[in-house]
Amino acid sequence: MDESQIYALLAKIFEDVFDDDSIVLRPGLSAKDVDGWDSLTHIRLLLTIERAFKIKFSTSEIGKLANVGDLVALIQSRI
Amino acid sequence: MNPLYAELQWLPPAPASFSALVKDLGHRSGAIGEQLRALASYALDLNQLTKLAKAIGKLRSEGRPLTPLAPFRLAILSNSTSDLLVPPLVASAVRHGVALEVVQPCYDQVAQEALSPDSQVNRSKADAVLFALDYRALPLKTSLGDIEAASATVQGVLGYLQTLREGIKKHVNAVCIFQSFAPPAEPQFGSLDRALPGTLRWLLDEINRELAAYVLASGDVLLDVAGLAETVGLANWHDPQLWNLAKLPFSDRLIPLYADHVARTVSALRGKSRKALILDLDNTVWGGVIGDDGLEGIQVAQGDARGEAHLAVQRYALELRQRGIILAVSSKNTDEVARTPFEKHPEMLLRLEHIAVFQANWNDKATNIQAIADELSLGLDAMVFLDDNPAERGLVRKLLPQVAVPELPEDPAYYARTLAAGGYFEAVSFAQEDLKRAGFYQDNACRASLQKQAGGVDAYLASLEMTITFQPFDSTGRARIVQLINKSNQYNLTTRRYTDPEVEEAECDPSVFTLQVRLSDIFGDNGMISVVICRPCEAGVWEIDTWLMSCRVLGRKVEHEILREILKHARAAGIRKLAGTYRPTERNGLVADHYLKLGFTKMSEEEGGLTRWDLPVAEAEPENAPMKVVSLGFAPAKGY
Numbered sequence: 001m002d003e004s005q006i007y008a009l010l011a012k013i014f015e016d017v018f019d020d021d022s023i024v025l026r027p028g029l030s031a032k033d034v035d036g037w038d039s040l041t042h043i044r045l046l047l048t049i050e051r052a053f054k055i056k057f058s059t060s061e062i063g064k065l066a067n068v069g070d071l072v073a074l075i076q077s078r079i
Numbered sequence: 080m081n082p083l084y085a086e087l088q089w090l091p092p093a094p095a096s097f098s099a100l101v102k103d104l105g106h107r108s109g110a111i112g113e114q115l116r117a118l119a120s121y122a123l124d125l126n127q128l129t130k131l132a133k134a135i136g137k138l139r140s141e142g143r144p145l146t147p148l149a150p151f152r153l154a155i156l157s158n159s160t161s162d163l164l165v166p167p168l169v170a171s172a173v174r175h176g177v178a179l180e181v182v183q184p185c186y187d188q189v190a191q192e193a194l195s196p197d198s199q200v201n202r203s204k205a206d207a208v209l210f211a212l213d214y215r216a217l218p219l220k221t222s223l224g225d226i227e228a229a230s231a232t233v234q235g236v237l238g239y240l241q242t243l244r245e246g247i248k249k250h251v252n253a254v255c256i257f258q259s260f261a262p263p264a265e266p267q268f269g270s271l272d273r274a275l276p277g278t279l280r281w282l283l284d285e286i287n288r289e290l291a292a293y294v295l296a297s298g299d300v301l302l303d304v305a306g307l308a309e310t311v312g313l314a315n316w317h318d319p320q321l322w323n324l325a326k327l328p329f330s331d332r333l334i335p336l337y338a339d340h341v342a343r344t345v346s347a348l349r350g351k352s353r354k355a356l357i358l359d360l361d362n363t364v365w366g367g368v369i370g371d372d373g374l375e376g377i378q379v380a381q382g383d384a385r386g387e388a389h390l391a392v393q394r395y396a397l398e399l400r401q402r403g404i405i406l407a408v409s410s411k412n413t414d415e416v417a418r419t420p421f422e423k424h425p426e427m428l429l430r431l432e433h434i435a436v437f438q439a440n441w442n443d444k445a446t447n448i449q450a451i452a453d454e455l456s457l458g459l460d461a462m463v464f465l466d467d468n469p470a471e472r473g474l475v476r477k478l479l480p481q482v483a484v485p486e487l488p489e490d491p492a493y494y495a496r497t498l499a500a501g502g503y504f505e506a507v508s509f510a511q512e513d514l515k516r517a518g519f520y521q522d523n524a525c526r527a528s529l530q531k532q533a534g535g536v537d538a539y540l541a542s543l544e545m546t547i548t549f550q551p552f553d554s555t556g557r558a559r560i561v562q563l564i565n566k567s568n569q570y571n572l573t574t575r576r577y578t579d580p581e582v583e584e585a586e587c588d589p590s591v592f593t594l595q596v597r598l599s600d601i602f603g604d605n606g607m608i609s610v611v612i613c614r615p616c617e618a619g620v621w622e623i624d625t626w627l628m629s630c631r632v633l634g635r636k637v638e639h640e641i642l643r644e645i646l647k648h649a650r651a652a653g654i655r656k657l658a659g660t661y662r663p664t665e666r667n668g669l670v671a672d673h674y675l676k677l678g679f680t681k682m683s684e685e686e687g688g689l690t691r692w693d694l695p696v697a698e699a700e701p702e703n704a705p706m707k708v709v710s711l712g713f714a715p716a717k718g719y
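Just so you know, the sequences run in chain order A and B. Sequential numbering from 1 applies to the first sequence in the numbering used here. Sequential numbering from 80 applies to the second sequence in the numbering used here.
Keep in mind that the hints were calculated from the coordinates and are not lab data. Treat each hint with caution, since some may be false.
PhoX-like mimics (lysine-lysine), calculated; alpha carbons at most 20 Å apart, straight line [what the hints assert, rightly or not]: (1) B:681 - B:707; (2) B:326 - A:64; (3) B:102 - A:12; (4) B:656 - B:681; (5) B:707 - B:647; (6) B:133 - A:12; (7) B:326 - B:423; (8) B:102 - B:137; (9) B:326 - A:56; (10) A:54 - A:12; (11) B:248 - B:204; (12) B:636 - B:676.
Note that the coordinates shown come from a computational prediction; the quantities given were computed from them, not determined experimentally.
Okay, chain B solo, but in the shape it has when bound:
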């Protein structure tokens, strides 16, 4: 079995004192969530994960808060024994910043649990339901060579899965996570199984493909267990002895890997996937040391095995950038020397234009990574740091434990694979905006320099030729709306997280007023930059449930224009008062004065810093912002 995957080798090995550290947790005070996360971030085996989960359960039962871990309730419906999986799931979720509570009904009660309104799962208020089914749970009938019967079987299975989903949606409205199906390792014919309609492999291939398409369209989530099993090998994945003995759905050796994948998915649903990759240069991006070996001496060329290994790192970084991951550089070098290969080496794939922040100096890496996070306005928990040097990795892990630092093997040939295996950038959806995001951050750098030249903010804002577009929530924008709701930390007044079904509910509820806001300017399209939800609370009053904005558009008076738009619709709906709330978190201090600046009156302040604000609709007159306003898709006489 490949130890990279079976032993989670991108994580540092657990220290010999691991058990003692877990035992000690009960005596520790302070932010226990951070300490738990540090312990969960080692490469733990099944027994260690079980032990850690037991300690977490004990802390919970004592009423200890697990902050800053994000709570998440996951129900598991399975046709096999999931008891052994639950503790590793809880411990692995902590690794990804989530305090997971698992609801686990009786074994093999999948349909009953999904379909009856008063089942344990449907009463559980779960955030998500994981259908942990394997192929043995499916109504599969092989029909060799008979494509019509085989297609009917595939449609029957899809229909069954959709029925389960509808039960859950009707009764608990949780996100549904489906697993793709790993085929058994034993073929009926041999190679022909793949080609001949109606064989088990053919059926499962078709089911996986159709299920994937269905999930993409329905807004549910796919956990690609078939892909995971392919990666480690089907013969490693399935263990007939363990199935016979205990109905374990796959080999015990792979439980830590599976649990980490479930945890990544849950964490992505909570918007906790990482957003930026910080690269070391010498012996990471290229072979050799640029300061010593010079432009001709570094290894980064096709045809040279070592050079190709480093090119693979560059290629993978570019693939990440293409899907919206931000790239940065942290290198101990003289800035000018470090930039030379990016500018002058013909074989380099990475170019300066791909790097949002370039930190080459002689400071320690922790200081540089902090500077990169500040410059990007991202938290340290959004960062991944790739460095070949174990000493640098150790330093960053020690000083900045929130940063993910993958362990790397000796041979650079495996760097890219190890980084990918870590799953730091797991996503549950993909919006068109993602394609452009890495570029936005660079455009922002351009805007900042223009601001310096333009002299005077108002002249600068006018020179941007901004167009702001308002629309109510719709299905086209939903993926990005859900993403913003779950990712935005800083410019977020209430930090309420909503799942796809909850957003859809707001979209369809005529009493709820919603806004998705886009902004473009002379540099290009910023995409969706703000989301607002107003709910009626008492007669004539809208409570601003959610107001968040992308930090990319800070300082451009966008919030003033959004308020004008809200007021316009409020007046049309006969609303007399807007009620705003600021709920403080560790990250949103930026907007403590948001309502004050917009002319609201403070009504109350609670002990934890929560403030409530009112604005009478009739006399409100927010500042005019220099931008063109477009309003689309609002029903003229929508009754709120």
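Chain A on its own, in the form it takes in the complex:
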């Protein structure tokens, strides 16, 4: 799965989790840019991603994520 495919799947997941189809993903996008991206929605987002990509993040990996770019890089390293 290349980067653009990851972005495409992530876009669907964001739409589902935030119930918002207007979010445009870019590497610099982070929680402060998205309405409703609080700590609990963040957990729900990561859990949904884990299931969709069939991967499991470690606690420290989750702690280090700062934006969508980090997230995509992490997913890429695991699939």
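On the provided structure of chain A, position chain B as indicated by the hints.
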């Protein structure tokens, strides 16, 4: 993780268009509650439940009525993060016919919220308070091998929980729902943990047992989270990473399952649990097709794997019947052929005497299920329909969406488990009457045929040799009183629902006049068949707040005899007038003329059909009914 439970596989999968359907809700008109319930009745995951709850919140904020969903306010006291649970609870409650409003105070403020009179929970007028605590919330001190210290710890925990309960009872008087505690998956010794007093597992085992006994005696409600965690496995239930990251009390994968269990409990408190199981026959109750394979060809015997699977369905149906669930049959067959295995197959567990209504014909199943509901005088929302055939399931879901139709897997070995997992018949209490209920419906069939023979209703009624027994509310009858108040839809003048504490309040209030009524006849004991509450409104007037009767005793002039009893006590209490109200609902058209027939005078009629009726006590003389009257337990000089 077992997908039956984690993915709610007894429910049909959500269609690909689910998100679009949810979005579309705002544009839909009409009974939005039914549409919401249809959407909630798919197997939804956490994100889908959250999405649906958001849409429900939006409809609410726009002031859209959610009828016919029953409103319920639930406060949650938790020592962990419950924010993620709230939307799934709201959406799952809709699946069970309840419009849930959740009151959720700040995280980890359990004792403060329960004990201070002006806390958010205590000001909330909640119908129930859920103590969503897990073992980490408890004052637990392990004391290995020291049974005295261990027992003291258990008593300390029970004392703590009782203190919380008393706070709630004092300030808001809501039903308290306690959760049993799922022990952690990590033992201290190993197997010895279960045996050795004072280990964490031993303490939690004891606490769960004592809590269960306490709840049964106090009239509170238990949500058996420990049982749920056992069912899915403790290692699946607890997720250490999620606890560390977000203080989630259990795995996110199991939130839909937990939410459905909370919703079942709330729905049972509102009297919305289902009451009847309708069984298909071919390939459901037995293997094979009786019309093709014949009595010798169907598979329903011990020693044959397929046969044992179908016997397990029969056994489970009988277990349900034993606790008061009514069984019926809907089968596409010639009646005589369909009855043969019940009459002649030696291995069949189900017999004709267990089946209240037997519909075997060539009509479509929706028509038959409607006929069964009519015959039993039960709503379609009281029915569960079990059928191996996906086409029949789809048809019934489409034509009769109120009927619950569990999805079944390919292999009949899992039919009984899937039906049980659906939790359609959840109960929060058990009254002795439940044991007999399934039988009542069959006795009624006998009575109906006697009525045909007896010629003349009065002669028939006299031949029944009825005895009616009146008592004021008491603690022995309370469970059944609460059940009737929350379940009776048809013969119910005001359809006011009261919780156990509210009924207890009426029972203890000397100004309130209460009646619990039992009826027996030559066929046996009908159990409690009517509940009446009269409250003083102005001087010398009793307002009949609640009058409901079981439809089993319709047409037997029981209401006349009840009125005579009310009048007797009214006269003794110096009451000069009874004031009755009929509040119309979708289901109680039956009693629109109740007061008219009893000689009351109509005083007013409101736009929605609500009518008010008066009866002067002095000159009232209701018709005599042919039955023996017993009056028990009334204080001779009780001042109302």
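Violations among the numbered hints:
Numbers 1 and 7, in rising order.
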